[in-house]
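Student: For reference, the chains in residue letters:
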Amino acid sequence: MEIALAALAFTLLVLLILSHIRREKVINKLVEERTVELRAEKSKLQAAISAITGLLVIIDQKGTVILSNHKYSEVLGINYEPSTIAEIQQIFGGSYDISGAYNVALRQSRVIDHSSIEYKEKFLRVLFAPVQDTNGVLILLGDVTEEELLDRARDEFFAIASHELRTPLTAIQGNLAMVLEYIDSGHVDHLKILEMLKDAMNSSKRLIRIVHDFLDLSRLEQGRVKFEEQKVDLAKLANEVLIEYEQEMKTKNITYTFDNKSTGAAVFADEDRVKQVIVNLVSNAVKYTQGGKVSVVLQPLGEMVELQVSDTGIGIEPENQKYLFRKFQQAGRNVLSRDTSQGTGLGLYISRLVIRAMGGDVYLVRSEPNSGSTFGFTLPVKK
Amino acid sequence: MSNQAVIMIIDDDASMVRLYTNIFQVEGYNVVSASSGKEALEKLQQLTPTVILLDLMMPNMSGFDFLEQIRESEKTKDVPVIVLTNLATDDTQQEIQKYNVKKFLIKSDYMPKQILEEVQSVIPQTDK
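Chain order of the listed sequences is A and B.
Reading the first sequence from the start, the letters are residues 1 to 383 in the numbering used here.
Reading the second sequence from the start, the letters are residues 384 to 511 in the numbering used here.
Hints are computed from structural coordinates only; laboratory data are not their basis.
Keep in mind that a hint or two might mislead.
Unchecked claim - From the structure, some residues in chain A lie toward chain B, with a derived Cβ separation under 8 Å:
1) Ser109
2) Val111
3) His163
4) Arg166
5) Thr167
6) Ala171
7) Ile193
8) Glu195
9) Asp199
10) Met201
11) Ser204
Ideal placement from N, C-alpha and C gives every residue a C-beta, glycine not left out.
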């Protein structure tokens with residue numbers, strides 16, 4: 001009997017042990033499965049935050065970085081990984097209080113968005129969002145330099161555009177008001193009145209030209225201009241333009257030459273638009289030359305035909321040459337030093353849009369301050 | 384009708400110079416004009432105007448550059464300047480304040496009579 005009891009007890013013990021082992025196995029299996037799942041989730045999360053453009057860091061309430069997508073070098077241009085908010089603050093130095101914003105986001109549990117922070121040569125957008133579960137703050141730093149510069153260019157465009165419209169309007173309104181006042185008060189200085197009316201008239205012409213340029217520019221930029229394809233005689237056009245400017249050149253003591261080295265290959269383009277570009281280059285040459293020479297050369301250039309317009313005028317400083325084809329530029333970087341009496345500063349910009357739309361290009365060939373400039377454009381030859 | 388005050392007009396746009404010259408000459412003011420900051424600086428060696436009307440957007444030397452120069456010189460550091468421009472950005476308006484500018488006026492917003500009143504308001508009474 002005792003033996004039987006002992007055997008039973010032993011069997012029970014063995015069963016107990018076996019079941020325990022089985023349970024442990026099940027638990028181990030569960031743990032293993034869960035670990036794999038967690039790992040998968042973590043790598044998914046890591047993949048997700050890596051895919052975010054911009055630097056993402058999560059900082060806990062003690063100021064320690066607990067998660068990041070490591071894009072420090074991409075966004076901040078640094079080759080180490082800061083581990084606390086204090087270290088991140090050091091990167092910005094005194095220029096931006098990132099630590100202060102982190103504290104506000106943490107204490108007040110609210111989202112903070114700083115849309116344009118200057119950092120080195122860049123502009124950053126910095127977003128702070130409190131993370132409830134970890135009791136920390138998520139900070140997202142994005143590079144918005146391109147957007148910021150575009151915004152500024154647009155603001156500048158509007159500032160200059162309204163300046164260009166306001167100036168002739170001021171002259172028209174002011175001169176007419178003065179004329180009315182003169183006549184009203186019995187003041188009869190006819191010469192003065194004539195001068196004022198002439199200024200009002202010339203300013204209204206200037207205004208019309210500016211509005212025309214603006215509309216042309218906007219249509220060209222949007223690709224809404226239809227270009228004719230007709231046989232264009234560049235030599236004939238160049239001669240026409242030079243004759244149109246003959247009088248003005250005479251009064252400015254400028255002589256001109258036209259050298260036709262063309263093989264007579266046919267160019268198919270929009271005649272009016274080609275003429276617009278030649279007018280732009282010749283009028284610039286005349287505008288910036290006082291007593292000197294304007295020379296036009298037509299010549300073959302590979303598969304293209306090139307027309308060059310040279311002058312012996314004021315020339316362009318090397319550092320300003322890269323601004324030539326920009327909107328509203330007259331080869332000067334500073335908006336404030338634009339010469340508004342010399343046109344809208346849209347001529348070369350429009351010429352480039354026009355010529356490129358016809359398969360050619362327009363460019364500065366060479367320029368030297370005080371000795372003159374050469375501009376050229378090409379158009380493809382039809383085979 | 385004659386006034387002691389000398390008004391200096393600095394503007395690269397000839398039509399603007401003619402307009403403002405007319406406005407003040409009719410009222411008997413002495414007008415000195417310059418088509419650039421450089422020309423104005425030269426004229427300032429010979430005379431001290433009662434007030435300067437200054438354009439901002441000018442080639443070679445902008446209105447800012449001009450102000451910077453005259454504010455450094457003992458002789459011209461206190462001459463009243465009225466900025467008269469069509470460049471109406473907030474930045475410009477804000478930045479110009481550091482040069483002790485009396486007024487910042489947008490040309491197209493002012494009729495000749497109003498310009499006259501604005502300028503007269505900064506001329507010391509004894510000069511009128």
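Student: Now tell me if each hint is right for this structure.
Tutor: Hints and how they fare:
no., hint, verdict
1, Ser109, "violated (34 Å)"
2, Val111, "violated (28 Å)"
3, His163, "holds (5 Å)"
4, Arg166, "holds (4 Å)"
5, Thr167, "holds (5 Å)"
6, Ala171, "holds (5 Å)"
7, Ile193, "violated (10 Å)"
8, Glu195, "holds (7 Å)"
9, Asp199, "holds (5 Å)"
10, Met201, "violated (11 Å)"
11, Ser204, "violated (11 Å)"
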